[in-house]
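Use these hints to put chains R, P, F, B and A onto chain X, whose structure you have.
6 protein chains.
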Amino acid sequence: MSVSRIDGRACDQLRNITINMDYLSHPLASLLICCGGTKVLTAASFDEKVPQWMKNQKVPGGWVTCEYGMLPAATGERCKREAASGKQGGRTVEIQRLIGRSLRMAVDLEKLGECTVYLDCDVIDADGGTRCASITGASLALAAACKRRYSAAENPFKELVAAVSVGIIDGVPMLDLCYDEDHRAEVDMNIVMTESGNLVEVQGTAEGAPFSRARLNELIDLAEIGLKQIFAKQREILEII
Amino acid sequence: MSVSRIDGRACDQLRNITINMDYLSHPLASLLICCGGTKVLTAASFDEKVPQWMKNQKVPGGWVTCEYGMLPAATGERCKREAASGKQGGRTVEIQRLIGRSLRMAVDLEKLGECTVYLDCDVIDADGGTRCASITGASLALAAACKRRYSAAENPFKELVAAVSVGIIDGVPMLDLCYDEDHRAEVDMNIVMTESGNLVEVQGTAEGAPFSRARLNELIDLAEIGLKQIFAKQREILEII
Amino acid sequence: MSVSRIDGRACDQLRNITINMDYLSHPLASLLICCGGTKVLTAASFDEKVPQWMKNQKVPGGWVTCEYGMLPAATGERCKREAASGKQGGRTVEIQRLIGRSLRMAVDLEKLGECTVYLDCDVIDADGGTRCASITGASLALAAACKRRYSAAENPFKELVAAVSVGIIDGVPMLDLCYDEDHRAEVDMNIVMTESGNLVEVQGTAEGAPFSRARLNELIDLAEIGLKQIFAKQREILEII
Amino acid sequence: MSVSRIDGRACDQLRNITINMDYLSHPLASLLICCGGTKVLTAASFDEKVPQWMKNQKVPGGWVTCEYGMLPAATGERCKREAASGKQGGRTVEIQRLIGRSLRMAVDLEKLGECTVYLDCDVIDADGGTRCASITGASLALAAACKRRYSAAENPFKELVAAVSVGIIDGVPMLDLCYDEDHRAEVDMNIVMTESGNLVEVQGTAEGAPFSRARLNELIDLAEIGLKQIFAKQREILEII
Amino acid sequence: MSVSRIDGRACDQLRNITINMDYLSHPLASLLICCGGTKVLTAASFDEKVPQWMKNQKVPGGWVTCEYGMLPAATGERCKREAASGKQGGRTVEIQRLIGRSLRMAVDLEKLGECTVYLDCDVIDADGGTRCASITGASLALAAACKRRYSAAENPFKELVAAVSVGIIDGVPMLDLCYDEDHRAEVDMNIVMTESGNLVEVQGTAEGAPFSRARLNELIDLAEIGLKQIFAKQREILEII
Amino acid sequence: MSVSRIDGRACDQLRNITINMDYLSHPLASLLICCGGTKVLTAASFDEKVPQWMKNQKVPGGWVTCEYGMLPAATGERCKREAASGKQGGRTVEIQRLIGRSLRMAVDLEKLGECTVYLDCDVIDADGGTRCASITGASLALAAACKRRYSAAENPFKELVAAVSVGIIDGVPMLDLCYDEDHRAEVDMNIVMTESGNLVEVQGTAEGAPFSRARLNELIDLAEIGLKQIFAKQREILEII
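The listed protein sequences derive, respectively, from chains X, R, P, F, B and A. Per our numbering, residue 1420 is the first one in the first sequence, and the count goes up by one each step. Per our numbering, residue 1420 is the first one in the second sequence, and the count goes up by one each step. Per our numbering, residue 1420 is the first one in the third sequence, and the count goes up by one each step. Per our numbering, residue 1420 is the first one in the fourth sequence, and the count goes up by one each step. Per our numbering, residue 1420 is the first one in the fifth sequence, and the count goes up by one each step. Per our numbering, residue 1420 is the first one in the sixth sequence, and the count goes up by one each step.
Some hints here could point you the wrong way.
Identical copies carry no separate label here, and so any pair may be met within one copy or between two of them.
[To be verified] As a list, the in silico PhoX-like pairs of lysine-lysine whose alpha-carbon atoms are at most 25 Å apart: (1) K1499 / K1474; (2) K1566 / K1647; (3) K1499 / K1477; (4) K1499 / K1468.
Note that these hints are calculated values from the structure, not bench results. These numbers were taken from a predicted model, which means no experiment stands behind them.
Pulled out of the complex, with its shape left as it was, chain X reads as follows (with noise of 0.2 Å):
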C-alpha cells in the first residue's frame, strides 16, 4: 500500500475528523461534524406524536426519520437549491433514506414511546462522503439526545452505528474517498456498522467494471479498520455529556 493518493494519506487512512457538540441553540442535541473538507451539520429534533401511518397500522412507539440537504454552496459548481426547484432530487431521497434506515437500528423504536424523531443532516461543505458522515454525526446526535431526554433505565439508544466509504481507484482498494477519488473510483462502497461489530448496511456499486467477491472481502476490512477509529471518536464525546 506504499501508492501515493492525492492528499498524501494512506491507502487505509482516515481524513481527519472533528466533531462540534451543540452547535446550534435550539435542538435537543445537534453537532458540527468535519471530516477533512466535509462538514455536516445534524440535529436530533423530537416531536411529540407519531406519523400519520403508525396512528393507522396502531404501531406501538415512535418513529426515527432523517431529512438530507446540500446548500447550494457546499459544492465545486455551485449546486441548485432543491427547495427553489420545487422537489428532493433522486440522490437526495436515496441518501435520507438510507440514513433513516441505518438510524433506526440504532435504537429501540417501541422503547422510544410516541414521538418521531427528525435527523437533520446539512451539507454545509462537501467533499465525498457526506452521507458517511452523516451517518456518524447523525448516531452522535440522536445517542446525546436520547441520553438527554430519558433516564438511564429508559434509554432507548441501543448502540451506536458510523458509516465510512471505501472504494477502488487505479485497482487499489482506498478508505474514506474525498470527492476527487470518489470520481475517478471504479468501486464505491459504503459501510454502515454497529460498535460492536456488526454489518446494518453494504452497499456496493461498480461504477467502472463489475468487481470480484475477493475485492468486496477486502474493502470491507479496510472499512473497518476507519470504522473502529470513528467510534472511538464518537464515544469519547459521548462518554462526557
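Same frame as chain X, but now just chains R, P, F, B and A:
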C-alpha cells in the same frame, strides 16, 4: 436446510421464472417476466438524442436510464397512483436509480452512439423481488434491443446482468424472497451480478438486527446459486432472438 | 360500404376482442381486455371508506372513481411517464373523468354502502380506442367484483355499460377506429351505452370539419351495431363468474 | 311546454345575453359576455411564436389554445383558487380542452401564420353554462381579433361557432340551464355548432339515468333553436367592429 | 410642480377612481374598483371556520386572509396563468401577504368570531398600482361585509385603510404612478394608512438609486394628500350601504 | 431610554456581531455572520451566464439574485424543510426578493459583464433579524467576491449596503430586535441603507396598531445609529481581504 418455506420451496430454491418476449408491439424489445407471483413488464426504447447534461458536458456516446413504476392494483392493498399524487415516492426513485446504474454496467456507453435508451419497468403484479425481476428483465430486453439495432461488430452490449434477492428469516438464509418472507426478513439483500460472476451492486440492509460478515458471505453464496440459473434462462432466450 | 380499411375490416366490423378475467392476483376483480392491438388492464378495488367530500356533505352510500394511465412503452413513440413529469396530462384527466362518470351510471351508489371503488385502467399497448376499451373492461370488472362482494339481493350493480368509437374517414362512417384511422378521422365519436340500449355518454368531435345531424345519426347507428356484439361478449363472461 | 322554470322562462327560451366588446385595454380583442347570471371575460391575445411541438414537427401555420379559469368568488360557496392549490382541477382541464378544440374549428390554422392565439376565458360570476358562454364569447373575440389583424383576403377566420347547454329536468327537455337546473338535470348536454348549422362538438352525459336516442334528438332540436339566436347576436356585433 | 406627466396630471393628482359596489352575485360584499386604467375585482367571503394553525394554537377569534391574482390578459404583453404554471410567482405572494397584513389591521380579529374572511383581489386590467387599488378595494369590501353580517355593537371592523403609490421620476416626487411611470421610477413607494392618519405599512424601494430621508418625507407627504381623497370616496360609499 | 430589554441591552444597542470570512471552500467569497443568536451562512457564487429573460430582452451586463433558506433545526420548534414540502413558503419568497433587490443597488449591473451572481443566505440558527443579517452578510460577500474577480478599475461593486431591524415594544423604540422582542413588537421595521447614508429599502409594518409619522422618524434615527456600527465592521473586514 430442511426449514419449510411459505410456498414449500427449499431455502436455496428460486421461484419459477417465465419470460414472454416481445409482449408489446411498439418498443424495439420488450418482455413480461414472471418470477413466481411477481410480474414485470420491461421495455427498451431508443430515443435518438442524449440528455441535456451530456450535451452540455460533451460526453461522447449515449446513455441508459430506467423508469420504474408499480400499477395501483399490483399490491395487496391498492397503492396510490404516483401520477395522480404528483410525484414518485422515495422507494420508486431509489429502485429506478439502482436499475439504471446496474444496466449501464452492461453496455459500452460510448459504442451506443448518440441516443438514450429508456428501460421501462412496470410492475403489473407484485409478490416481492420486483426490483430484481426488473433488472433481470431489463437486461434481457436491452440485450435483445442491441442485437436488433447494431451489427455484431458494433453491438455495445457487453454482458448480461441479473439480480436476485436473498435474506435471513428466523435466522435462516433464504434465496429469492416472496412478499411475505420479505416482510419478516431480518436481513434483506439484493445482489446484481454479471454473467461472468462479478458483482455489480451489493445492497444489504439489516431490517431487524445487524448481521455478521459470515452471514454476508452465506447470503452472497446463496445468491450465486440462484443467479446461475437465471443467467441460463436469459441466455437461452437471447440465443434464439 | 365496400371501402377497404387499413386492416381489411368492413366499415361496420369490430376488431377482435379478447378478455382475460382475473389477470391479477390482488384486486377483487381484474381483467386484461384486448381490442385489436389495444390492451388495457382494468381492476376493481374496494376501499372501505368514502371520499372526504362525501363525508362532509353526508351523502349516503358509496362512490365509484376511475384512474387511467398509459405505460410509456404503450405508444409508437415512447410517451412520457406522468409520475415522473409530476402531473397527469389533460388527456388523461379528461379520459378518467369520462370513465368514472360512465361507470357510476352502472351502479346504485347508495346500495354500494360506505366504500369507494377504484377502477384502474392501465393501457399496456395502444392502438386507438383506449378509453372505450377501458370503459368496456371496467364495466365487466365492476360487475364481477359486485357479484363477488354482494349477495344477489344486495348487488348494487344495475346494468352493464360498454363503449365503442366511431368516426368518419374520407367521408365514410366507420366503426371501432384503430390508431391510424383515428388520426385521419374527420369526426371522432365515443358512444357509451347501457346493455338495454340507452345512451350514457355521447362525445362527438369534429377534427377536420363540422358534421351534419344526419352524420351524427349514422355514426350512432354504427356504434349500436358494435355495442351489441360487445355486450354479448361481456354477458358471456359475466354469466360464468 | 307549459312547465314552469325556476326563473319563469319557457323551456325553449334562452337567458338574456349581453356582450360588452373591448372590455379590456391590452388584448387585441376582448369582451365581457353575460348569459343570465353567468359572466365571462374572454380575450384573444396573439403571441408571435408557435408551441414547441409544432416547431419540432414542422407543422406549418399557427395554433389556437384556450385557458379557462373561475375566480374564487364566482361561485355560491367560494371555490379554491387553482393558482394557490398548485394545479388546475380536472373540470378546468376538461373545459379548456373543449373550448380550444371548438375554436380551432373556427379558423384556418395554416392561414394564421406563425403565431399562437391565446383565448382566455375567465368566469367572473357563475350561474351555469360557463363553458358555453366561454365558447360563444371566445368565438366572437377571435373573429374580432382576426378582422383587426388580417386583411379581408388573408383573414384566417372561417366561421362563427357558438355553444349552448340543454338538459332534461323532471323528464322535460330544457334550453340553456341555469345552475340550479343544471344540478337537478337527469341529462346534461353541450352542443357546439357553426353558424351554418353543422356540429362541432356534441357532449351529452346521463347524470341520473341513461337516455334514449329520441331524447338525444329532441335535445339537439332545442339547442338549434337557441343557437340561431346566439349567432344573430354575435353577427350583429361582429358587423360593426 | 409644473412637470408634465404622461397623462397630463399634476404631480400631486390622483387618477380618477370609480367603485362599483356589489358587482358579483355570490359573495357577501364585492366591488369593482377602477383607478385610472387599473381595474380590480375585490370580494369578501366568509368561511365559518378558522385555519388549522389557529385551531392548533387555540388562538381565539377569526382570521382575515387575502389572495391576489392577475388575469393573463390584464397586462400589455399577456402574462402566464399561474394556475397553469402550477405556482404563484414571488410577486404575487409578496403582494397578497402585504394586503392580508394591512387588512388585519382594519378589524378586531377576536370580535370576528370563529371564521375566516377571504379577500380575493383579482386584477382585470393593469396599469400600475394594482396592490394599492386592491387594498383600497378590499378595505371597503370588508367594511361592507362586516356591516351586513354583524350588528353595529358587534361589528369587528375598526377603521378603513387605504393605499396609494408614490415615486420619484426624473427627480420629481409624484403621486399614484401609472404603469409607464412606475417602470421609470427611481424610487417606488407604497403607503398604507388608516382613515385617522396613521401608518399601517411603509414600503419604499430604491429602483435606480438610494434616496435620502428628506425624499422619504416628501413622498409620504404626497401620499397623505392622495389618501385623504381616497378615504372620502370610501366613506361616501360605505355610508349608504 | 432606561427600559430594560430581555437580554439587558440598551434600547439603542446592537447585539454582538461576528463575521467569519471564507467559511466555505468552494464559493468565490463566503462568510458566517452571527448577530447575537442569529447565524447566517452567506456565499457569493458566479455563474458565467445570465438569466433567460435577460437574454431574450437583450439587457446588457449581468444579474444579481438571492436565495434564502432556513435550516429546519434553526428555529425553536423545528420548521418544515421547504425542499421536502415541495415549495418555498411566502415568507421565504418575500425575504429573498428583498435581499436580491437590495444587493442589486450595491453593484453596477452593466459592469458585472455577462454573469449571474447567486447570493445564498442560509440561516443556521435563528434568533430574529435573519433577513437583516443576510443583507449585511451578502453585501460583504459580494464586495469581497467582486474585489477578487475584477481589477480595481473594473470592479462593479459600488457601495456597501447593510440592514438592521427596529421596532416598538411596549411603546418604546428599540434597535436590532431578537426573536422574543420581534414577536411582541407593535411595529416592526427593516431599514436597508448604503454606507453613505441613503435609503435602499424601508419596510415598516404595524403589527399591533398603526403608527404615527413621528414614530417612523424615531425608528429610522435608531436604525441609523446601528447601521453606522455595522458599516464599520464590514469596512474593517473588507479592507484586509
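So, against the hints stated earlier in the document, which numbers end up violated here? Result: no hint breaks.
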